[in-house]
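Asker: The lines below spell out each chain.
There are 2 protein chains.
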Amino acid sequence: MDKTATSVEQYMREHGYVWGPEPEMYSPTSGLYTYGPTGAGLKRNVESVIRQAFVSAGFFEVETPIIAPRDVWEGSGHLGGFIDWVIECSQCQSTYRADKLVEEKIGVHAGNERLLDIIQEHQIRCPSCDGAFTPELHPYHLMVRSDIGQRESYSRPETATMTYLAFHRYYQFFRKRFPIQVFQIGKAFRNELSPRQTIVRGREFTQAEAQIFVKPEEEYADYFDPLQFTEAATFVPNEGDSQSLTSQQALDHKIVSKPAYLWSLLLAHQILRDMGIPADRIQLRQHARDEMAHYALDAWDLEVYTDSLGWIECCGIHDRTDYDLRSHSTHGKDIQVVDDQTQEAFYPHVLEIAFGVDRPVYALIDMHLATETVKGEERVVCRLPSHIAPITCAVFPLVKKGELPALARQVHQQLLAHGIVSLYDESGSIGRRYRRVDEKGVPFAITVDYDSLEDNTVTVRYRDSMEQDRVSIEWLAAHIQQEAA
Amino acid sequence: MDKTATSVEQYMREHGYVWGPEPEMYSPTSGLYTYGPTGAGLKRNVESVIRQAFVSAGFFEVETPIIAPRDVWEGSGHLGGFIDWVIECSQCQSTYRADKLVEEKIGVHAGNERLLDIIQEHQIRCPSCDGAFTPELHPYHLMVRSDIGQRESYSRPETATMTYLAFHRYYQFFRKRFPIQVFQIGKAFRNELSPRQTIVRGREFTQAEAQIFVKPEEEYADYFDPLQFTEAATFVPNEGDSQSLTSQQALDHKIVSKPAYLWSLLLAHQILRDMGIPADRIQLRQHARDEMAHYALDAWDLEVYTDSLGWIECCGIHDRTDYDLRSHSTHGKDIQVVDDQTQEAFYPHVLEIAFGVDRPVYALIDMHLATETVKGEERVVCRLPSHIAPITCAVFPLVKKGELPALARQVHQQLLAHGIVSLYDESGSIGRRYRRVDEKGVPFAITVDYDSLEDNTVTVRYRDSMEQDRVSIEWLAAHIQQEAA
Chain R
0 MDKTATSVEQ
10 YMREHGYVWG
20 PEPEMYSPTS
30 GLYTYGPTGA
40 GLKRNVESVI
50 RQAFVSAGFF
60 EVETPIIAPR
70 DVWEGSGHLG
80 GFIDWVIECS
90 QCQSTYRADK
100 LVEEKIGVHA
110 GNERLLDIIQ
120 EHQIRCPSCD
130 GAFTPELHPY
140 HLMVRSDIGQ
150 RESYSRPETA
160 TMTYLAFHRY
170 YQFFRKRFPI
180 QVFQIGKAFR
190 NELSPRQTIV
200 RGREFTQAEA
210 QIFVKPEEEY
220 ADYFDPLQFT
230 EAATFVPNEG
240 DSQSLTSQQA
250 LDHKIVSKPA
260 YLWSLLLAHQ
270 ILRDMGIPAD
280 RIQLRQHARD
290 EMAHYALDAW
300 DLEVYTDSLG
310 WIECCGIHDR
320 TDYDLRSHST
330 HGKDIQVVDD
340 QTQEAFYPHV
350 LEIAFGVDRP
360 VYALIDMHLA
370 TETVKGEERV
380 VCRLPSHIAP
390 ITCAVFPLVK
400 KGELPALARQ
410 VHQQLLAHGI
420 VSLYDESGSI
430 GRRYRRVDEK
440 GVPFAITVDY
450 DSLEDNTVTV
460 RYRDSMEQDR
470 VSIEWLAAHI
480 QQEAA
Chain U
0 MDKTATSVEQ
10 YMREHGYVWG
20 PEPEMYSPTS
30 GLYTYGPTGA
40 GLKRNVESVI
50 RQAFVSAGFF
60 EVETPIIAPR
70 DVWEGSGHLG
80 GFIDWVIECS
90 QCQSTYRADK
100 LVEEKIGVHA
110 GNERLLDIIQ
120 EHQIRCPSCD
130 GAFTPELHPY
140 HLMVRSDIGQ
150 RESYSRPETA
160 TMTYLAFHRY
170 YQFFRKRFPI
180 QVFQIGKAFR
190 NELSPRQTIV
200 RGREFTQAEA
210 QIFVKPEEEY
220 ADYFDPLQFT
230 EAATFVPNEG
240 DSQSLTSQQA
250 LDHKIVSKPA
260 YLWSLLLAHQ
270 ILRDMGIPAD
280 RIQLRQHARD
290 EMAHYALDAW
300 DLEVYTDSLG
310 WIECCGIHDR
320 TDYDLRSHST
330 HGKDIQVVDD
340 QTQEAFYPHV
350 LEIAFGVDRP
360 VYALIDMHLA
370 TETVKGEERV
380 VCRLPSHIAP
390 ITCAVFPLVK
400 KGELPALARQ
410 VHQQLLAHGI
420 VSLYDESGSI
430 GRRYRRVDEK
440 GVPFAITVDY
450 DSLEDNTVTV
460 RYRDSMEQDR
470 VSIEWLAAHI
480 QQEAA
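So the sequence lines, in the order shown, correspond to chains R and U.
Going by numbering that gives the first Met the number 0, the first sequence runs without a break in its numbering and finishes at 484.
Going by numbering that gives the first Met the number 0, the second sequence runs without a break in its numbering and finishes at 484.
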């Protein structure tokens with residue numbers, strides 16, 4: 000299958016994964032999307048994988064407000080720093096991000112202070128009308144203003160800041176014992192100038208961000224042992240070559256400064272594999288010095304290889320040091336803590352594992368979508384692993400007349416009662432119905448036929464192998480649950 | 000225990016359930032709260048109960064944007080109608096909601112058009128300074144403005160409107176077969192003038208709203224059979240007395256117009272019981288005519304009795320008729336559909352089951368919190384059912400020296416690896432640790448002692464009965480999972 004951003008988007012739109020930009024019924028705003036029944040189901044399953052992995056690694060979930068007043072975003076550095084520099088065409092008034100313009104036209108990645116010079120030097124002109132640009136850059140704010148209680152306020156551009164603000168509460172709750180591990184899964188907003196690539200760069204998106212608060216000088220070998228992860232991972236350091244390393248090798252090579260940081264990288268790597276992304280499509284790429292966010296001492300991205308867009312960032316793992324707690328303590332109330340033993344005051348350091356949820360959803364669809372020729376016929380199949388596929392079963396009566404539909408509905412209801420997501424379909428030939436659910440990515444298709452009326456069994460047909468089994472209705476739910484685990 | 004809104008809030012604050020108003024570190028905005036580790040865990044479990052019940056009842060989850068442009072909210076009727084009428088003190092400029100003022104001072108529930116007359120007639124004065132009110136009402140808009148893409152936009156005040164906008168997509172996805180059942184769980188925002196009662200009336204809150212699209216003239220007896228629900232429920236119709244009725248009796252009495260509407264009421268009732276709310280704390284109350292929202296033909300609330308606040312609304316079940324699809328079709332693109340058989344064009348009708356998620360969380364804490372005297376000692380215990388309790392286990396080494404902590408940590412890790420939320424605590428006497436987890440609502444406390452080193456067993460102590468069992472470490476996770484189911 001020739002996969003492009005356009006063909007993947009079209010697949011997502013046609014099969015209930017992603018619709019938009021929304022509101023389609025009115026005049027749409029780019030960067031806003033709806034997840035349909037398949038898309039929302041897949042997204043919930045991706046979130047479950049992340050949540051389960053964080054809980055198993057000792058993190059506790061929290062949930063903070065989305066909106067916070069201006070002073071919070073001054074403290075976090077977003078209000079001053081969360082800006083794209085744009086340039087306007089003097090002729091047609093189109094506005095462009097200066098860095099993207101320079102990247103596309105000249106192929107260089109330049110700092111903000113050099114952008115205007117480069118544009119003028121290379122006489123870059125407006126891509127819309129070929130007009131000249133005005134000779135200045137303007138700041139374009141990415142924060143979405145959302146006043147509440149008649150105060151100047153903004154919707155969060157990530158969850159991390161809001162998670163940090165309750166640190167003094169965690170410190171009491173966890174009885175002043177470090178490390179303190181919390182995570183939050185929720186919405187964030189960035190008013191991108193020109194959002195593209197549907198859910199890969201939406202203006203509303205979902206983040207799943209875990210934070211580890213530590214004493215700066217401690218190693219926490221008992222808590223965060225990188226050697227618990229045994230599979231090799233591909234590391235792309237900002238200097239030197241890409242290499243595949245086991246956790247032991249990565250430790251020996253001192254690929255990052257702290258074992259707990261390496262543990263965080265490998266936990267995130269494990270989580271992507273838990274979703275059903277093969278290791279050979281994942282790489283850990285270290286940020287270049289000038290690419291790092293204002294809060295990061297060191298930063299690595301987990302990138303996933305998609306057929307349509309190449310490598311895309313799905314998770315960032317940051318050594319944020321004491322930047323956040325120190326900065327918020329300067330702007331707001333001081334939440335410095337005092338060490339029990341040494342009686343010294345300090346700001347805890349933070350290691351952060353920040354997943355975007357929408358991007359792995361895109362990547363999973365992209366990589367599992369295939370066109371195959373079987374017995375001379377072409378089929379489109381989405382081979383999402385069954386534990387993550389949004390719809391687990393489809394139930395079909397062989398024909399839509401007589402007694403079969405009533406029994407098929409009963410089988411469908413029984414699966415639903417067991418919490419198995421099931422789709423009922425009685426229209427068209429069985430072959431067509433198989434093809435429809437193959438396309439949507441449903442791993443198990445169940446057909447109720449005339450034998451079912453006699454012996455209480457049904458046919459289970461497996462999406463990937465296209466093989467069939469005969470299973471008793473009594474044990475069907477248990478069989479599906481086992482197969483889908 | 001003498002439960003008041005203040006004592007429940009204090010409990011929630013001290014035990015990691017709800018903190019705020021946020022940002023506590025800066026200057027707080029009322030109506031914004033953080034769910035700490037216990038609160039967020041409980042909220043996730045409440046959402047899981049609702050999600051599981053909706054999926055089992057044949058609904059598919061969807062996820063739409065939170066923010067939409069102005070024209071959507073004109074189409075939904077919120078921009079014109081989503082207003083509180085307020086009155087200002089001529090002396091101290093304090094602003095009050097006129098309806099609440101009249102309700103509190105005179106004890107009557109009056110329509111907007113009569114509020115000013117009543118205030119003047121009864122010479123109601125400012126509760127802050129006893130000054131006179133100015134002789135006019137002003138509109139106060141409840142929508143949170145959140146411009147995106149440089150367009151006038153608003154954050155949704157409920158999820159339903161955004162769910163309706165994708166109807167034309169569901170119609171295709173579900174192959175034009177009614178009923179079409181979808182639901183959405185997500186955030187909504189209302190800029191209340193003076194939010195109170197913490198999470199019961201926050202400015203940010205979570206809704207779990209299911210929508211059933213039907214052909215107006217059909218009954219769907221196969222899909223929505225009220226008789227599948229067997230427990231009696233308390234009905235409070237807007238005329239006549241409160242009565243406890245089985246589903247058969249409710250059908251016979253024609254307590255609501257359609258069987259599918261009764262099914263919706265009883266499904267919602269079942270969901271609250273699934274959370275662990277006893278039936279004698281739940282009533283179905285029909286709205287008075289002048290209390291109904293602009294979109295509702297009939298409306299019932301599921302109310303839950305709390306010790307601190309009395310009856311609170313946790314769910315609204317509405318017969319919205321074709322109001323929404325017709326209105327959006329007038330303001331936006333037309334999504335009228337054509338009946339296969341009759342070839343007649345029509346707008347589907349909507350039955351809605353709209354849960355607030357924050358309120359059942361409050362109610363569950365409120366009703367399960369107790370003070371007991373056991374063996375002459377008082378204990379505070381939160382008796383949340385174990386399937387919904389946010390922290391399932393606590394693991395204690397008997398003493399914090401020697402070999403016990405290492406083994407206890409191992410037991411704790413093993414529980415985490417099975418996805419069981421576990422808390423590790425080694426500080427203070429065992430008695431104190433039991434009391435701490437009783438207070439937080441942790442159903443199972445596991446102690447690792449010297450015998451554990453010999454025979455690989457641990458003590459499991461049950462919060463409610465305070466009885467103890469000896470369980471082998473090998474089977475501990477399975478034992479806990481079974482007990483907590």
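Misleading hints may appear alongside valid ones.
A pair holds if it fits inside one copy or across any two, identical chains being indistinguishable in the list.
To be verified - With a Cα cut of at most 16 angstroms, we get these calculated EDC-like pairs of lysine to aspartate or glutamate:
hint: 1; residue 1: LYS332; residue 2: GLU23
hint: 2; residue 1: LYS374; residue 2: ASP1
hint: 3; residue 1: LYS175; residue 2: GLU13
hint: 4; residue 1: LYS2; residue 2: ASP251
hint: 5; residue 1: LYS175; residue 2: GLU23
hint: 6; residue 1: LYS175; residue 2: GLU425
hint: 7; residue 1: LYS253; residue 2: GLU238
hint: 8; residue 1: LYS400; residue 2: GLU425
hint: 9; residue 1: LYS2; residue 2: ASP221
hint: 10; residue 1: LYS99; residue 2: ASP454
hint: 11; residue 1: LYS400; residue 2: GLU473
hint: 12; residue 1: LYS399; residue 2: GLU425
By construction, these hints were calculated from the structure, which means they are not laboratory data.
Asker: Would you pick out the hints that fail for this structure and give their numbers low to high?
Answerer: Numbers 2, 4, 5, 9, 10, 11 - these are the hints that the structure violates, sorted from lowest upward.
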